[in-house]
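Residue numbers (our numbering), protein chains in the order written: chain Z, 1 to 335; chain B, 336 to 751.
Treat the hints as calculated values from the structure; they're not laboratory data.
In this text, all values refer to a predicted model and were calculated from it rather than measured experimentally.
One or more hints might be untrue.
[Claimed, not checked] Using C-beta positions, here's what the derived DEER-type ranges look like: (1) Z/Asp290 <-> B/Pro658: 47 to 55 Å; (2) B/Asp729 <-> Z/Arg32: 31 to 39 Å; (3) Z/Gly302 <-> B/Trp465: 39 to 47 Å; (4) B/Gly579 <-> Z/Ala289: 41 to 49 Å.
[To be verified] Some but not every residue of chain Z turned toward chain B, in silico, with C-beta under 8 Å: (5) Phe49; (6) Val55; (7) Glu74; (8) Thr88; (9) Val90; (10) Gln98; (11) Arg102; (12) Pro139; (13) Phe315.
Ideal Cβ positions, reconstructed from N, Cα and C, are used throughout, including at glycine.
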Amino acid sequence: MELAWYALLGLFFAAYLVLGGYDYGVGLLLARGADPERRRAALNAVGPFFLGNEVWLVAAVGILFGAFPLLEGELLAGFYPAVFGALTGVVLVTAGVQLRSRPVGPRARAGWDRMVVVGSVLAALGWGAVLAGLLQGVPLHADGHVAGVTHIFTPFVAATGLAVVALVAAHGATFLTLRLPAADAAPVGQLAGRLVPVALTTVGAAAVIGLLSADVRAAARQPLAAVLLLIALVTALLGARVALARRRPGLAFAATSAALALPVALVGATIWPYALVSTVDPGASLTVADAAASAPTLRLLGWLTLPLLPALLGFQAMCWWVFRGRTDGRAPVYW
Amino acid sequence: MDTLLLARLQFATTTSIHFLFVVVTLGLVTLLVYLQTAWVLTNKPVYERLTRFWGQLYVINYVLGIATGIVMEFQFGLNWSGLSRYVGNVFGAPLAIETLVAFFLESTFLGMWIFGWHRLRRGVHLALLWGVAITAYASAFWIMVANSWLQNPVGYEVRDGVAHLTDFSALLDNPTFRMAFGHVVTAALLVGGMLMAAVSAWHLIRRTPDFALHRKGLRIGLITSAVAICFVQGFGFAQFFAIGDVQPTKFGDDPAAAPLIAEWTARFGPGDYTPPTLANVGLGFMILIGFTLGMLWLLLPLLWRDWAIRLRFPLWLVLLALPLPFVAVILGWIAREVGRQPWAAYGLLPVDKAVSPVSPWLMLASLIGFSLLLGTLAVANWTLMARHAARGADDPALGRRPEQPPADPRPEPAFA
Ligand code: HDD
Ligand code: HEM
Ligand code: HEM
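Please work from the sequences and hints to get the whole structure.
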């Protein structure tokens with residue numbers, strides 16, 4: 001039962017990185033230039049999906065709290081600075097995107113846009129840092145608490161944070177290639193084609209730094225899974241590059257989506273059966289089973305929420321379906 | 336410096352900001368459901384325009400509800416990891432249900448509602464708003480279940496120092512829950528009604544051309560808030576029974592308090608088990624405001640033949656009274672939450688065991704960071720709301736026809 005909930009947690013967080021990822025990617029790309037029309041078009045390409053994207057994060061944390069309370073406390077408090085940064089980013093993007101078009105003056109609007117750019121960087125960096133932090137282990141002591149927060153300031157965490165920023169940028173550009181009107185899509189497609197190799201390079205750099213890090217090597221309980229999933233990640237990025245070159249934005253988007261979901265699977269599988277690996281006291285590491293809530297709680301959550309899961313996914317799918325295709329001026333422009 | 340104190344301050348600040356926004360959300364969405372349903376049923380343009388005007392304000396307000404709500408959710412893990420460690424098995428469940436069942440759908444529906452004008456069929460579009468409203472109430476329901484459990488833990492047993500869930504129905508049947516939920520929901524309706532009445536009153540005072548529309552807004556707002564205040568008072572006084580039964584230390588001079596404190600001293604060691612007097616002060620002022628707002632009934636007869644508008648001073652009264660319900664909700668929460676001290680979960684988990692063991696400097700940085708961030712955003716958001724409210728219902732961006740140019744031509748393409 002714990003495994004099922006752990007998988008569901010991973011699924012929701014991965015879905016958040018994929019969906020929120022293109023929000024942040026599009027947000028980052030606002031920095032490309034101050035042409036108001038282009039910015040507006042980019043944000044309204046995200047338009048109807050925006051609110052439905054970030055709720056995956058809210059839901060993931062809900063599952064984390066309900067099904068893995070012990071992990072929730074130590075994970076969030078143990079990675080305090082990274083979570084703080086990510087959260088600040090999420091807040092800035094949420095407020096910036098939704099409020100930027102409310103003021104009339106171009107100056108105020110440019111200010112909100114800058115907030116969106118900064119927020120997107122912070123969110124991507126922060127979540128990347130949390131993933132890397134999980135992979136290198138935490139100073140978890142026998143009393144069950146993570147001591148201090150300085151453990152996350154390592155080259156590996158920084159490299160992974162940057163890699164996620166690059167991934168998100170490439171993903172956002174690919175999303176725009178898929179969604180903007182055909183005339184505007186070509187230049188974005190070229191940009192995406194240039195961003196994918198950058199993402200590949202940063203992912204490679206993070207992987208090398210990770211291999212050199214003794215903590216990461218020690219924390220990797222399933223090295224085979226790590227290698228396989230890393231290969232899958234690289235393959236996805238290469239696939240995105242090819243698909244973009246052949247003008248198949250749908251395929252490219254599927255590939256960059258996989259590239260954002262795979263890191264979650266990679267981290268989860270590599271440290272399995274642990275949820276938090278201790279760097280100071282192997283006996284203190286927290287297994288997924290120990291981190292989970294007790295059986296009656298999991299059963300209750302299962303009965304109440306699993307029947308609803310099809311409805312949750314169904315309404316999200318309805319949103320994607322209703323607003324599928326390229327933006328064509330039929331839906332109102334609001335952001 | 337004290338990590339615990341800083342963490343409490345941070346919770347108080349961020350939640351208060353959150354609540355100032357969600358209380359408006361909850362109230363306005365109810366009124367919007369009425370407006371849009373009326374539009375679909377009667378096809379009268381005034382309802383369409385009211386829906387767009389108030390929908391615009393609602394959507395602006397919603398932004399900060401989300402932004403602050405996300406911070407709230409993470410704050411449990413960041414600052415109160417002891418809460419998840421010792422009582423997470425029970426307290427986490429309603430929160431998890433809330434996020435999955437309510438928020439997830441609420442935001443999905445809202446995104447489709449905003450972008451669905453002129454694209455979805457009218458019935459579907461209306462159904463989406465109903466969906467938003469139902470899930471908003473569901474989220475308030477579950478968050479109040481969670482909060483009420485902290486006020487009065489039930490349905491659990493402690494094994495190895497950790498609470499385990501034994502009876503979920505007890506959480507729903509919690510005496511600190513039922514009346515409180517009614518009180519919160521009707522308070523939200525009161526806030527929404529008064530906001531609508533006050534904005535309309537402002538336009539009527541300024542004699543903006545849209546007389547018929549704002550007249551309607553004033554009537555709907557006043558009638559809603561007058562009905563709501565009765566229920567607010569009723570549910571409010573009803574809460575004292577539950578408090579008397581299960582929280583004798585809350586508001587002082589309850590004879591049941593002394594034996595309970597003696598029992599706690601035996602179990603948890605000596606300490607100060609009475610809450611700060613701040614709780615009482617907040618309670619008193621809220622009740623005062625509650626009685627003051629009861630006077631709304633005196634304004635209702637003046638709706639006859641528009642006397643309220645012709646006499647003008649009632650309009651001023653409505654406008655000036657707008658801050659009162661906002662002050663009352665914060666005072667009410669301070670009474671409820673400070674009155675729970677020094678417990679995170681009443682009689683079960685003291686706050687000092689619930690707080691995360693992080694350094695006070697980190698907590699201070701986080702407190703300053705989040706307060707500044709959310710405070711600034713809140714002020715910016717209210718400014719935007721006030722401007723949009725003042726601009727009137729001419730042509731809100733929400734629900735504008737896709738090709739339609741903006742109402743007032745300005746050099747910058749002013750879509751908003
Ligand atoms: C518009 C806002 C508003 C108004 C006019 C009132 N209240 Fe209230 N009150 C709230 C908004 C509120 C609230 C913010 O919604 C609280 C905080 C927690 C809760 O459950 O509701 C609250 C809490 C609260 C509590 C504390 C419950 C607890 O500690 O568990 C009591 C006893 C009352 N109220 C009683 C009253 C009475 C007797 C009122 C007037 C005659 C009154 N309230 C007016
Ligand atoms: C939205 C309205 C709310 C407001 C304005 C509010 C206000 C406050 C305040 C003032 C404190 C600090 C108390 C003190 O230090 O003396 C506090 C603490 C706290 N509140 Fe609330 N609260 C609200 C809702 C909730 C809800 C719905 C929950 C739970 C689901 C909750 C859980 C907590 C927790 C865990 C703490 C910290 C521990 C403690 O000090 O007891 N609050 N809140
Ligand atoms: C203190 C504990 C609380 C937490 C952890 C919390 C959490 C959240 C979160 C995460 C969101 C954003 C959801 C989204 O992205 O759509 C949110 C919004 C919301 N919250 Fe809270 N909340 C708290 C208190 C309350 C209270 C006391 C109420 C009302 C009784 C409330 C009502 C709402 C509503 C109606 C929304 C919908 C969005 C909006 O209104 O703007 N919350 N909350």
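Hints versus structure:
1. In this structure, Z/Asp290 and B/Pro658 meet the distance hint of 47 to 55 Å, their C-beta atoms being roughly 50 Å apart.
2. Judged by the Cβ atoms, the range 31 to 39 Å given for B/Asp729 and Z/Arg32 holds: they are separated by roughly 34 Å.
3. Distance hint for Z/Gly302 and B/Trp465: a CB-CB separation of about 28 Å, inconsistent with the stated range 39 to 47 Å.
4. Distance hint check for B/Gly579 and Z/Ala289: the Cβ-Cβ separation is about 43 Å, which falls inside the suggested range of 41 to 49 Å.
5. Here the hint on Z/Phe49 is kept, as its CB sits about 7 Å from the closest CB of chain B, short of 8 Å.
6. Hint status for Z/Val55 relative to chain B: holds, with the closest Cβ pair at about 4 Å, below 8 Å.
7. With a least beta-carbon distance of about 6 Å to chain B, the hint placing Z/Glu74 at the interface is held under the 8 Å criterion.
8. Interface hint status for Z/Thr88: upheld, as the beta-carbon distance to the closest one in chain B is roughly 6 Å, under 8 Å.
9. The beta carbon of Z/Val90 comes within 6 Å of a beta carbon in chain B, closer than 8 Å, and the hint placing it at the interface holds.
10. Interface hint at Z/Gln98: satisfied, since its Cβ lies 4 Å from the closest Cβ of chain B, which is below the 8 Å cut-off.
11. The interface hint given for Z/Arg102 holds, since its Cβ lies 5 Å from the closest Cβ of chain B, which is under the 8 Å cut-off.
12. Interface restraint check for Z/Pro139: the shortest CB-CB distance to chain B comes to about 12 Å, outside 8 Å, so the restraint is violated.
13. Interface restraint check for Z/Phe315: the shortest CB-CB distance to chain B comes to about 5 Å, inside 8 Å, so the restraint holds.
In summary, the numbered hints that this structure violates are 3, 12.
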